[in-house]
Amino acid sequence: MVQQMAQVGKLLIGLWMAGVTVVMFLVIPQYEGLGNAGRIIIMHVPTAWVSVLAFAISAIFSGLYLWKRNPTYDDYAVAAAEGGFLFTALATVTGMIFSQVVWGIYWNWDPRQTSIFVLLLIYAALFALRSAIDDVQRRRQLSAVYSLFAFVTVPFLIFVAPRIADSTLHPNCVFIQGSTCDGITLDVGMIGLLGDRKIQLIGLEREGDLVTAEVIVSEPGLSGETTLRPSFNLATGTMADRPEFPGVRYQLGLEYVDPSINSGLLNIEAPGTGVLDNRITLFTFLASIAGFTALFLWMLNLRANLLGLQWALAQRDGGRV
Amino acid sequence: MAGHSSTEHDPGLTLTTQQPVAQQRIVDLLQAAWAVFVKDLRIELRTRYAINAMVLFAACTAMMVSIGTTFIGLRRTEEALLIQASLLWIALLFAAISGLSRGFVHEEETRTLAALRLAAPAIAVYLGKFLLNLALLALLGVITSLLFIVLVRVQVGSPLAFLGILAAGGLSLATSTTILAAIITRASFKNALFAVLAFPLLVPPLIIAIQGTAATLAEGGGVLALPALQFLIAYSVAMFVASLLLFRFVWEA
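As they're listed, the protein sequences go chains A and B.
Numbered according to UniProt numbering, the first sequence terminates at residue 321, and the numbering increases by one at each position without gaps.
Numbered according to UniProt numbering, the second sequence terminates at residue 253, and the numbering increases by one at each position without gaps.
Treat the hints with caution; some may be incorrect.
Said to hold, decoys possible - Derived lysine to aspartate or glutamate pairs resembling EDC-like cross-links, with alpha carbons at most 20 Å apart:
id	chain 1	residue 1	chain 2	residue 2
1	B	Lys-190	A	Glu-244
2	A	Lys-198	A	Glu-244
3	A	Lys-198	B	Glu-78
4	B	Lys-39	B	Glu-109
5	B	Lys-190	A	Asp-135
6	A	Lys-68	B	Glu-252
7	A	Lys-68	A	Asp-135
8	A	Lys-198	B	Glu-109
9	A	Lys-198	A	Glu-214
10	B	Lys-190	B	Glu-108
11	A	Lys-198	A	Asp-187
12	B	Lys-190	B	Glu-109
13	B	Lys-190	B	Glu-252
14	A	Lys-198	A	Glu-225
15	B	Lys-39	B	Asp-28
Stated by the list, open to error - Covered stretches of chain A (in silico footprint by chain B; criterion: 3 or more residues with CB under 8 Å from a CB of chain B, positions within the stretch not fixed):
id	region
16	124-134
17	138-149
Please keep in mind that the hints were generated in silico from the structure rather than gathered at the bench.
The C-beta atom is built at its ideal place from N, Cα and C for all residues, glycine as well.
Let's have the full structure, built from the sequences with the hints guiding it.
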């Protein structure tokens, strides 16, 4: 009976994920400015979520193992770490693809990229540790300790680091509703940072109601410079011309000019702001998160049972010898 | 101090109440930890294994950096300060990794782990080794920064803040790696594994330490380094508490 239920569950997860995939590629509307690249967030965000969830589950089962000394808990901890490693790799790759398409660069040590890189390293270190200890009991115990110890760093990574670093291109202010990119107010002649680009406001020129700013934008790493001319309409109080950053789908907007035309508020206008405003996109996104979570839990259970079987077989063979 | 001395002089009389007993336990624990620290320090001063490895590593790195930056003729820009801070922490990190596992690995190599297990409680062993690592890192930090100031011509704009970040960064290094040293004593490929295990845990504090150090190199950058200092201390406290809770399991494994 239980086995039949599991079979049905497995089929349901398969169908659910197939549905999410079809909707992701065929049904969701393209988002203006992102094109088909925008669809990847339906995969990217849930895999990133699962990779953190897996890490938490692994830590919880490690703690349970240290408490109860039941090998099954260790099997679950290992299975969660293995699944988590897979999903972390997926989140990294999908993120890099999106990053290249939208920001023109695969990797720029954005705080979130740093976090997920550290997560990958921790998983890898955990596997290295397990393979370096021969005694089974000791391997289980020490890797459980390391797993818990490493878990202590996660709040620092996820919650603190992105807030301390000023430079992020990650769409904190793009996909998350209610948050904003603040932009930067510059006096004429001054230099500032927008994302990881250095910008210098050379001048502001007024023609009728239209104020045009001349801005020199330096590439990340100061490899090249371009001049962009965003403009602002004084009469309506809105942005007029918004040129794109070179090689990237982000636009430079002049959001505000002070009345004496001495300084202006410059900001990145990220394509994709409010992607989830669309109902279908939002529901697909949520369905994808649910689907990936269920998929991970199924994988976790399967792998842990397999590890338990392996252990039982090894013990039986050992007993015979 | 008065409460301590009374329990020390005559513990038998105070056994009837709970609090002095707990106090006495803590005092005993700290005394045991101090004994472990002094023993390790004595061994270290006799062999100078960790000190030699760490200081020579730092000296070589400072020398290489000095040679390299002389060719560039770095001007004192914001980028140059960040580069100098990164190079300083690279030297500190790898020098530290080459020496900090010594405390526990030495016990395994001389087969004295069992004796230590009988002689002192787990927490005392951890605290003793932690103190040793802290002392080693303090020495390493001072020597490396002096070498960088002399050889790489690093100018420290706000010395007090610089020392603060150096101390807090060293504290993060010590709290994150001491328990790892205990974990790897029973594994194969000890030193390589130590680096592999330590690195992911050191990425967050090192990023912050590098940014903070760069801020303190500039004149009047002390205030800018304050958030970095807070982060490093919070990180150290979290790792220290986690180590205290988890060390028992490592020690009995």
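Structure-based check of all given hints:
Distance restraint check for Lys-190(B) and Glu-244(A): the Cα-Cα separation of roughly 52 Å exceeds the 20 Å cut-off, and the hinted pair is therefore not satisfied. Proximity of Lys-198(A) to Glu-244(A) is assessed by CA-CA distance (about 15 Å); at most 20 Å being required, the pair is judged to hold. With a C-alpha separation of about 13 Å, the suggested pair Lys-198(A) and Glu-78(B) falls inside the 20 Å cut-off, and the hint holds. Straight-line distance between C-alpha atoms of Lys-39(B) and Glu-109(B) comes to about 16 Å, which keeps the hinted pair within the 20 Å bound.
Note on Lys-190(B) and Asp-135(A): the hinted pairing holds, with a Cα-Cα distance of about 15 Å set against a maximum of 20 Å. Simply put, Lys-68(A) and Glu-252(B) have alpha-carbon atoms about 15 Å apart, close enough for the 20 Å limit, and the pair holds. For a cut-off of 20 Å, the pair hint linking Lys-68(A) to Asp-135(A) stands: about 19 Å separates their Cα positions. With a CA separation close to 54 Å, the supplied pair Lys-198(A) and Glu-109(B) exceeds the 20 Å bound.
At most 20 Å may separate the alpha-carbon atoms for a hinted pair to count; Lys-198(A) and Glu-214(A) meet this at roughly 14 Å. Proposed proximity of Lys-190(B) and Glu-108(B) is supported: the alpha carbons are some 11 Å apart, at most 20 Å. A hinted pair counts as satisfied when its Cα atoms are at most 20 Å apart, and Lys-198(A) with Asp-187(A) qualifies at roughly 14 Å. For the hint pairing Lys-190(B) with Glu-109(B), the CA-to-CA distance comes to about 11 Å; that is within 20 Å, so the pair holds.
Of the supplied pair hints, the one linking Lys-190(B) and Glu-252(B) holds, its CA atoms being roughly 19 Å apart against a limit of 20 Å. The hinted pair formed by Lys-198(A) and Glu-225(A) meets the criterion: a straight-line CA distance of about 9 Å does not exceed 20 Å. Restraint check: the Cα-Cα separation between Lys-39(B) and Asp-28(B) comes to about 16 Å, which is no more than 20 Å; the hinted pair holds. Given a C-beta distance limit of less than 8 Å, the hint that chain B covers the region 124-134 of chain A holds, as 7 residues qualify and 3 suffice.
Taking a C-beta to C-beta cut-off of 8 Å, the region 138-149 of chain A contributes 8 residues in contact with chain B, enough for the three needed, and the coverage statement holds.
Hint compliance for this structure: hints 1 and 8 are not met, and every other hint is.
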